Amino acid sequence: MLITRVKATNFYGVKDPVEISFTEGGEKEKVGYFNRDKERISLISGFYGANASGKSTVLNIIDTVIRVMLAKQQDFMIAPNGIKQDIVLALPNYHTSMQSKPIVLEVDFIIGDDKYSYSFSIVNEGKEISQEVLYKNKNKIFSREDHKITFEADTKKKLAILAENIVAPKKSSFLSVLLDDSSDISVFVNLKEEIGISDLKQINNQVCFITDKRTVQMGQNNINGLMAFAINYLNSDTKTAGEKIDVVNSVVKYFEPSFDKLNIEKIGDNSPNNNPMNGSISIKYEAIYKDFYKELGIMELSAGTRELISYISDILRMIKIGGIVVYDETSKFYHPDMEIAILNLFKDKDINKNNAQLFFSSHNHETFDVLHNDQAHIVEKKDSVITVSKVSDYDVKERDNVKRVYRLGSLGGVPDTIDFNRIINNLL
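Numbering-wise, the sequence shown is residues 358 to 785 according to the working numbering.
Note that these hints are calculated values from the structure, not bench results.
Do not take every clue at face value.
[To be verified] Derived lysine to any residue pairs resembling SDA-like cross-links, with alpha carbons at most 25 Å apart:
1. Lys497 - Lys710
2. Lys704 - Lys738
3. Lys747 - Lys493
4. Lys596 - Lys704
5. Lys558 - Asp603
6. Lys493 - Asp541
7. Lys513 - Glu482
8. Lys738 - Leu427
9. Lys385 - Lys738
10. Lys710 - Ile697
The structure presented is a predicted model; accordingly, all values stated were derived computationally and were not measured.
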């Protein structure tokens with residue numbers, strides 16, 4: 358799968374439509390791109406900007422689109438404090454001028470030889486889907502208006518009267534219902550095969566999100582990522598689990614030479630209903646070092662080591678299968694050279710043989726060296742409106758010192774430290 362375009366309106370900090378293309382014209386091969394027909398698709402795209410400029414919001418466009426495509430939503434969720442809360446599919450922009458307007462999200466992507474385009478609208482403060490449409494190779498597969506589903510003529514003819522009785526749930530996309538093997542449509546009609554979208558089921562295993570919204574909900578401390586890795590390891594068969602732990606151990610050994618291996622064991626009831634995340638059982642989760650007389654608890658490890666343990670296995674799996682990694686703030690815990698080494702995995706043709714794709718945000722301007730000018734995006738927020746531009750939109754040549762131009766503020770997306778210093782001086 359390769360994402361070629363995203364667009365959002367009235368989404369989080371996005372007020373006016375923001376559209377980002379990850380393709381460019383040209384048949385000549387270029388490092389960091391996949392050539393298809395007469396265009397190149399970027400395999401690595403970076404987003405830069407000051408704090409609270411909207412970098413995470415841009416990455417969450419991809420997160421939300423994939424989640425709505427695949428996940429059947431529930432009416433309510435139980436928060437950690439036990440309070441029942443409404444499910445919100447996507448947060449709207451809370452600017453008063455956008456209150457009555459729908460959230461609109463679009464994505465274009467490629468799977469194999471097929472081009473897809475998918476869009477939907479969400480209303481009622483992000484809680485209900487009102488419109489939805491899916492195209493495959495420019496042919497409309499289905500469209501939705503509130504609960505009513507309309508198919509293209511041939512499909513409608515095959516389904517006969519059944520087509521008139523198919524309705525979409527208000528809190529879920531119709532696409533997620535189609536792709537759910539347990540839904541009535543899949544059980545009785547097998548409609549996804551009938552309309553030729555079976556390939557979309559593979560998306561569920563081809564995207565890895567490393568974002569605060571998705572995995573690090575307890576703050577900047579990798580806790581959810583660490584636990585997700587442990588659960589995945591404990592629930593895998595012996596061979597798969599061994600391969601996963603070997604990958605992590607070998608990478609962490611490079612990171613910390615005295616590190617020997619991780620020790621992850623389930624303690625307590627082994628029934629499948631018990632889950633370490635809800636506290637029903639406990640885990641022995643420790644790091645063993647060659648010259649230490651005892652193991653270190655997982656939270657005693659450095660932030661960089663915890664980040665590697667949490668995500669390196671998933672990153673390498675995406676590279677191996679040609680999936681997508683969405684990584685918010687790659688500069689958060691790593692040394693700049695380590696961050697650049699991770700990003701470069703996606704540019705190396707000998708490593709990234711199946712054209713895996715990376716979307717990342719960073720505060721490290723050194724990573725501009727990894728990207729071409731049209732792969733580097735500057736994100737800014739002015740008057741509560743997020744804008745996204747490419748370095749190639751400015752009068753900057755590929756051979757120019759983009760890092761210097763960026764630090765001087767010529768591209769935007771840098772904080773106003775002069776005002777910051779003035780405020781701090783006044784406070785002191």
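Evaluation of the provided hints:
1. Lys497 - Lys710: 32 Å, violated
2. Lys704 - Lys738: Violated, at roughly 30 Å.
3. Lys747 - Lys493: Violated. Lys747 to Lys493 sits at ~28 Å, over the 25 Å cutoff.
4. Lys596 - Lys704: 30 Å, violated
5. Lys558 - Asp603: Given pair Lys558, Asp603 is violated - Cα atoms ~29 Å apart, limit 25 Å.
6. Lys493 - Asp541: The given pair, whose Cα atoms are some 23 Å apart, holds under the 25 Å limit.
7. Lys513 - Glu482: Cα-Cα ~33 Å, so violated.
8. Lys738 - Leu427: 30 Å, violated
9. Lys385 - Lys738: 35 Å, violated
10. Lys710 - Ile697: 19 Å, holds
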